[in-house]
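Novice: Residues per chain, in single letters:
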Amino acid sequence: MKKRNAIPPAMKDRILAAAQKESSPTRTAVTLDKALLLLTAGLVAANVFLAVGGVNLGPRPLELVISTALGRGTIALTATWAACARGGSMLGRSRIWLTATTIATPLAIAGWMLLAARGAPTGVPVADWSCFTTAVLLGLPPLVAFALVHHRSGVSFPIATGAALGAAAGSWADFLMVLHCPSPEVTHRLIGHIGPTVILVALGAALGAFAIRSQVRSDYFRTDRSSIPGFNDAG
Amino acid sequence: MLVFRASEPRRRRAPLAGIDPSTQGAMIRKAHVASLARPLSEPEACTDAPANRAMDRYAQGDDRAFSELYDSLAPRLFGYLLRQTKNNARAEDLVQQTFLQMHCARGRFIPGANVVPWAFAIARRLLIDNVRRSGREVSLELREEAGAPPPVSTAMAQDEVVHSKQLALSIERELSRLPDAHREAFELIKTEGLTLAEAAQVLGTTVAAVKLRAHRTYQALREALGPMFERSSQ
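Protein sequences appear in the order of chains A and B. Take the first sequence: its position 153, counted from the start at 1, is 295 in my numbering, and no numbers get skipped. Take the second sequence: its position 156, counted from the start at 1, is 1617 in my numbering, and no numbers get skipped.
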């Protein structure tokens, strides 16, 4: 008599046969793909940056620009690590960690900005909408690349992950805006440089819901399985 | 007072070598009931290291490691899915899909990550999706009601077998009355042997929440079953 809670011996053979039939990339191939994707995103962002005028010191001393860029670059690197690294788990970081990353990143940028604004000389006023649009355009390539790296990754909190990735992309956009925009006006920087981070966080959350979330479907392998002898007659 | 530990080691499932097969069913049932009745703080010993190593090798391209991975994980996944679905065919189908999803995502496996919570999370998502798509609730019928013959023991005392069977049915019935989230947290820890941290990852919640759910389930079982439950926990 067949035991009710026993795994049928044939199931292993069916699974191994199905796995052989369905090709899947190894870790090396996936790592290479991710590296190429991030490199492409970096190149696209660099092209956008050069297209809008590239580095523009204005009346700012070079030391101030370098120190500010170093500080903001550190924030961007930290935010990218916090949002992208999964903390050694296939299911990603906790919701608290991701939410903290999303909130802390723009706050850290604003804090640095306010500290640096004290010693900044007066400069030419720049339209808020111009910097806002530029920053969104600069942040989009890294956001798309981060989302593709996490595409269907099966993390536990895809929306929170997407939002954190948006904050990380926003921090890279802000880093480039530090090099590009010479305006020392705090209101302008808050609206034109940090404001886009909010947009990118919202976009990231939306991407998380659609692109990062696992699309697990019961009939996902139905088509392929039908061609494997004995695969559908389980039980 | 119960003490929960996130790093709680897990139960080792040793084969019942040299024991009459007709006795094994009742013994397993009794051991399972006793494990459910045991407070959650008791240490258990088990390791996921072989499965982790196999998955790591498979991610690097060693195709033979998939067979080892299957041997390590399939019984646990099948047991979990069978308990949730109460349907052999569905459980088998979901195990197959879980392994195929793991196969497709092998390149993303992080070196040093624990494969067990990941596998259970995939299985759970597939299960939820399966329930949603089928448009009906997972059957809560007891296994015996579905036609499986109860295991016959010759070595164990008849009253022990009856008590063990009654308690197993009572626990299953009480568990089915509890909220899904509570029952699932309790089963992942007590039956599947996951740590609190791993169960939290699988369920997509915090360790504190899992701890609370499992504790409430344990309390509910103790209140509902009373002396019967206490007797098995001794």
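Source of the hints: derived by calculation from the structure; they are not laboratory data. Worth double-checking, as some hints may not be accurate.
To give a feel for the contact side, a few chain A residues facing chain B, derived at Cβ under 10 Å [to be verified]:
id, residue
1, I157
2, P167
3, G296
4, S298
5, F299
6, V340
7, S356
Small disclaimer: the values here were computed from a predicted structure and weren't measured. Built from N, CA and C at the ideal position, the CB exists for glycine as well.
Novice: I'd like to know which numbered hints this structure contradicts. Please list them from smallest to largest.
Specialist: 6
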